[in-house]
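Protein chains in written order, with this note's numbering: chain A, 1 to 353; chain B, 354 to 740.
Each hint should be verified, as a subset may be incorrect.
[As the list claims (entries may be wrong)] Sample of chain B residues lacking proximity to chain A, with all beta carbon distances greater than 10 angstroms (derived):
id: 1; residue: V423
id: 2; residue: R479
id: 3; residue: E530
id: 4; residue: M597
id: 5; residue: D635
id: 6; residue: H675
id: 7; residue: R687
id: 8; residue: P691
[Stated by the list, open to error] Taking beta-carbon pairs under 10 angstroms as the criterion, some of the chain B residues facing chain A (in silico):
id: 9; residue: N477
id: 10; residue: P478
id: 11; residue: H526
id: 12; residue: A529
id: 13; residue: A531
id: 14; residue: L532
id: 15; residue: C533
id: 16; residue: P535
id: 17; residue: Y611
id: 18; residue: K670
id: 19; residue: S683
id: 20; residue: I686
id: 21; residue: S688
id: 22; residue: S690
It is worth saying that the hints were derived from the structure and are not from the lab.
Virtual Cβ for every residue (Gly too), placed ideally from N, Cα, C.
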Amino acid sequence: MRNKTGGAELAAALAVSRVFAEAASLPDEYHTYGMQRFTVIVLSFALTAALCVPVYLAVKSSGGGIFAGGDRRGGILRSFLGALFSVYLLYGAAETGLRAHYYTSGTIFDAAPSEYFYLFMGAALLFAVYKGTEPTLRAALIVAGLFAAFMLVITLALIPDIDTDRLYPALIDDPESLPAQVLRETSRNCEPAVFAVLCGGSRKPGKLVIPAYIGISCAVTLLMTFLGTTVFGELVSRLDLPFYSLSSTADITVMHRINGIDVMLWVMAAIIRLALLSLAFREVAAACFVRGMGAAAAPLIFAAAGVGLAELFTAFPALSEPLRRLSGTCLPLFAVTVLIPPLTLIGKRRKKA
Amino acid sequence: MKKLLLPVLAAVLMLSGCTAHAELNELAIAEAIGIDRGGDGYIVTMQYFNTDTTGGTTAIDSSKPNAVTVSGSGSTIESAIESLSYGCGRSVMLGSAGLIVFGREAAYDLMDSLSFAASHYSGNPRAYIAVSETTASDILNVKFSEGNASVEKLEGMMKNAEALGMSSLVMLHEAAEALCCPTESVVLPLLKAVDAGSELTEEGSTVTVTGAALCTGDRLTGTLPPEAVSGLCLLTNEGATCEMTVKLRRKDVCLAVYGTKTKIAPSIEDGALRFDIRLSADCKVVSTQLSDPYGEREAVERIAAAELDSRVLLLLKAVKLHGADISGLSYKIRSYSPELWRSVSGNYREALKNADYSVSCDLHLERFGIMHGSGERPAANPSVTFQ
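Chain B with its partners taken away, still in its complex shape (with noise of 0.2 angstroms):
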């Protein structure tokens, strides 16, 4: 036996290589993906990593593109996708896409469009999902020259979007998730292509997250103002983070939340479905004009509660005005009371339109920030001259 494991080994080691296989080269190692329709069809557009930019003596040569784009159309994404494998010359290779762009147009079948990247054997559940105010090759047809991709950028930007309160990061699986709840819907970042002179690419172009756009089903809602996203964020996600700018007489108190808590309570009342959702998070002053931060706590964390309170309120406005379960509150009622749930799954989406929501803030203000404001901001005084 021991006598036959050399030869097997060294069969394994060098034989290896006469079997179908694909050079790196001749990958087109997908880092993006966008999504647009196109007349009957799909329009898909590809960022790839260039294989070219991997440097002689260094491992990144900075000198070329290190992303190209290709396009290609079809009736479906997997026809699109075959085109655009015939155009470039390369086999397409799903599985390290970081991102999704649908165009505007394609967010109307989006459950379509995500069945086909979540149900291919490579595609990646951990990509994240993005609309485009216009379309998808818009987006991705600006390259950032810095790093090793292009699309890491964007993903960073998206990730201190979320951060800031100003977006919700949404990944492929949650994505596909929220759009088999009982109403569809899910809320995604919603980007822009804009010509800002920016040094981050050749172009001078870069992208902006501009808000969220609301699906619901096979349509593409609305969009959410800001503070609605930043309200989902504090809502849907155990301790999320946000900046906020509040005023006390006058004065501005610009604040960091942190580590926020949610409880909600579902209940029926009068035979309509009804929230209580208690939030309490901490905070800390980032910058102030107050002189006297620490004696004004209380009234800091009032009007900054108040704040959040509308925040939420905003979000459950959207809620209650399209019937959309975007806060994942389907699964809240059935953790809470599974009889509750059956009571009001049969007709959830006008549930929802019709219940009542309550919400209460706690903050507590925990730190005031190195320097405090001087009170009452001086005059500029041209007058001072320097001895």
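Chain A on its own, in the form it takes in the complex (with noise of 0.2 angstroms):
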């Protein structure tokens, strides 16, 4: 039976959670003023773009999705595999859950987060991952509505201040860094890992649910860093958050500024990008290591350990800063998404004999 959630939620879940990851960035991040940005974001999304190709046609190909082929566990490939996706999409959850501390410690708390951001954050996780998959892609599909008319309100306001003047005719400033930046910005992208172990069984992927993500990824990501170049110019290199201090800088007047709801929709953004990945980790817990109550658990255990590391990482950086160096180079990303045509090969082989 074809699942009821079309691909629209799909394609908004990803877009949520992937334009998350652009607004709530960390340190290390910092954009910087050229038209290089503009560069680095198209060609980064043409990398994603390039390494969703094999992943939807594995996806596709493989019927029962990616890890349905074959025993529904056993084999050391599989658990290996299995393992693989469980630690990148943990590492997912965790960087998600630091962005989120991050971004709310450097905003609306100035300082770390109260305990009610905590129980608001944790009971909502909980009770998506307790919903099920089709809620919380519906719950998407708002956030992502709202998302758009808050862009749209912004967008509107901040007209006056752009000036155009601040961009240049040039694509390249400094072409040394620019394939590091590539690779850095693409790392942030682990909705194609969701996306692969998402759509198996009875959710088919719908051919438009990969370039509507990635479409509306990079339209908002280009939205808002033309948005930061020309109304901030040069400033933009020094500030910690530039979309918050767009929003800060948006005078709507009956609103004054609107920087509240902002934080408000990212850390709704934060709720559904962990909820995916934990939703996602359920899938692959119940493929290759766990069966009935124990695969219901996993991902609500799964949710208490990524948020639980995004602290441990918020407290002991030298813990988080290897793994987040590796992570930039793109290597996790390559590794799951280049693992996924072999895999569905090798499970469809082994359920033909």
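Can you join these two chains into the complex? Each is in its own frame, and there are hints to help.
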């Protein structure tokens, strides 16, 4: 039976998840002023699209999902790949928690987030994981709608501040740093892995999910960069959270400034991203490691582990920095996306046998 | 699930008062902040909204002052605000601050001071920035009684000064951006507190905009005359306005200039940077002693264009003297030719000092006023009697 949830919800969820990683930037991801930033974004999304093609083909040809071939459990290769996906997803969850913590502690709380933040975020996350994939995807569509309206309001409010003199006709300012910047930007995508895992079983991968996710994410990221560049100019290089600064600068008269709404939206986006990663882990765990009640409890344990790890990363940056450097090379993303097609192929052969 | 919804909603509504929160009358909602240097640290003066003025039957109780001024000192701006908060017994809320005034001495390390306000999570990037001729506390101790907030009057004065071409209006994010550019230069409105028997305040004092201060890097380099500030407004603000009076055959013609458009073409000539600036604008006659301004349109346009020329050149003289890019020329160079920018960016300040500037203004006189002058002004005749 085909699942009720359409591709629009999945594309919206993936786009919300990706754009969150852009807005809630970490200290070493400072945006720099220059036209190269636009080039980096376009090349990064082109690379992501290239990575998504084999993933999409593999998911489409797998029928029951990339982990569905052969036995439900067993097999060294399957266990190895399951472990690899699990580690990747767990790192993604920890990084998401780290971003959410950094964003809220630098903005609305101006210090460590209060216990209410953890209570609210944890309860919403557990609720999303408990309810399952479909409600989470529908909630993501609502968040995407709110975000689209928010972007529209910010753009309209900032029109008087936009100065196109701050743009100049060049694509590359520093050729040496370009490849590293593109890889760093691409590494913010963990969505291809989520797509590969979630599009299994009854949920058929729609043809337009990947183009829509990449197109929307790229367009929003470019718009955010355009606004930051044309409103702040050289100042954008010194801003910790450029998008928060944009929403602080947007004056819409009635509400004066809308940075409070901005924080609410990003917290919701962080919950969606954590829930997607937890639900993806549920699929991996159910296919590779556990069954029954264990499979149901796995995403809850995963979510708790992800948030706990994020707090550990926050408290001890020395722990997270080597991992983030490794992630910034895109090797983990390449490993996960490149391994999906052979994994599916092996699964299909075993199924036939 | 639906059974749970009602208790959750009820809990949200009824229990939210149990969490930590601040009442309005416990907050010092900053309207304006003044930053001065004192000893080894800073003195921060703050004007905050007086919550006692919220009337019982009307929104505002005008019998009480609408703002309270307090000050605190500390080794950093943050610690000075903490001291101020302790002194006034309220939590300081900076998000609504509409004006930040720097004392003459504090303007020496403007970027450090601005970074505080810009990086503060609740800092208002749209707050206006100004410099006091003396100390910031002098400005903030002037409390205008008219209106809901004292600072509204100051903001209004500064906006009007900009419309007349007397001063440039600069927001926090614009000042911070200008200080991030290669020559770290910004022009800020210069304020002065005067005792003028004004009815705007109970004490009779008021604030005037006396011109503009040029801050370069970590120095308050000097002040710009009003004509140079007018040149800056014309050069940087698309559609800027200003008023000016020119003389044609010893007769005054007061003009309002509007709809300005600027085109700047940078180039390198004989190894030196060169800017060809073309300014076009429309204008109208506000008042004139000419009996036939329409007939003398071309002459008025020529003289007025020469006046605009001189204003822009006066500004460029300051740019050349200090090597201070106060009109965003670096962006113009970059958008015109990134290669040219790469060739001068290494030593941009010196390049500006040695640059050649050519200015040509084109003014179009659109409207000629409702009443024309009467030609020669008649001499006063005391013998005229009324019948």
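Cross-check of the supplied hints:
Taking the minimum C-beta to C-beta distance to chain A, about 21 angstroms, the non-interface status of V423/B holds against the 10 angstroms cut. Listed as a non-interface residue, R479/B fails to keep its Cβ farther than 10 angstroms from every Cβ of chain A; the least gap is roughly 6 angstroms. Distance check for E530/B against chain A: the nearest CB is about 4 angstroms away, which does not clear 10 angstroms, and the non-interface claim fails. At roughly 26 angstroms from the closest C-beta of chain A, the C-beta of M597/B stays outside 10 angstroms, upholding its exclusion from the interface.
Every Cβ of chain A is farther than 10 angstroms from the Cβ of D635/B; the closest lies at roughly 21 angstroms, confirming the non-interface assignment. Distance to chain A confirms H675/B as a non-interface residue, since its nearest Cβ pair spans about 19 angstroms, more than 10 angstroms. Chain A draws R687/B into its interface by the beta-carbon criterion, the shortest separation being 4 angstroms against a cut-off of 10 angstroms. For P691/B, the requirement that its beta carbon stay farther than 10 angstroms from each beta carbon of chain A is not met, with the minimum near 4 angstroms.
Satisfaction of the interface hint for N477/B is found here, the shortest Cβ-Cβ separation to chain A being roughly 7 angstroms, below the 10 angstroms cut-off. Hint status for P478/B: holds, given a least beta-carbon distance of 4 angstroms to chain A, under 10 angstroms. A hinted interface residue such as H526/B counts as satisfied when its beta carbon comes closer than 10 angstroms to some beta carbon of chain A; here the least separation is about 6 angstroms, so the hint holds. Restraint check, A529/B versus chain A: the minimum CB separation of about 5 angstroms is within 10 angstroms; hint holds.
About 9 angstroms separates the beta-carbon of A531/B from the nearest beta-carbon of chain A, less than 10 angstroms, and the hint is met. Hint on L532/B holds. Least Cβ distance to chain A is approximately 8 angstroms, under the 10 angstroms limit. Interface hint status for C533/B: upheld, as the beta-carbon distance to the closest one in chain A is roughly 4 angstroms, under 10 angstroms. Hint status for P535/B relative to chain A: holds, with the closest Cβ pair at about 8 angstroms, below 10 angstroms.
With 10 angstroms as the threshold, the beta carbon of Y611/B stays out of range of chain A, its nearest partner Cβ sitting at about 17 angstroms, so the hint is violated. A distance limit of 10 angstroms between C-beta atoms decides the matter here; for K670/B the minimum to chain A is near 23 angstroms, and the interface restraint is violated. At its closest, the beta carbon of S683/B sits 8 angstroms from a beta carbon of chain A; the interface hint therefore holds under the 10 angstroms criterion. Interface restraint check for I686/B: the shortest CB-CB distance to chain A comes to about 9 angstroms, inside 10 angstroms, so the restraint holds.
The beta carbon of S688/B is positioned within 10 angstroms of a beta carbon in chain A (closest approach about 4 angstroms), and the interface hint is therefore held. Residue-level restraint check for S690/B holds (minimum Cβ-Cβ distance to chain A is 8 angstroms; threshold 10 angstroms).
Hint violations for this structure: numbers 2, 3, 7, 8, 17 and 18, all remaining hints satisfied.
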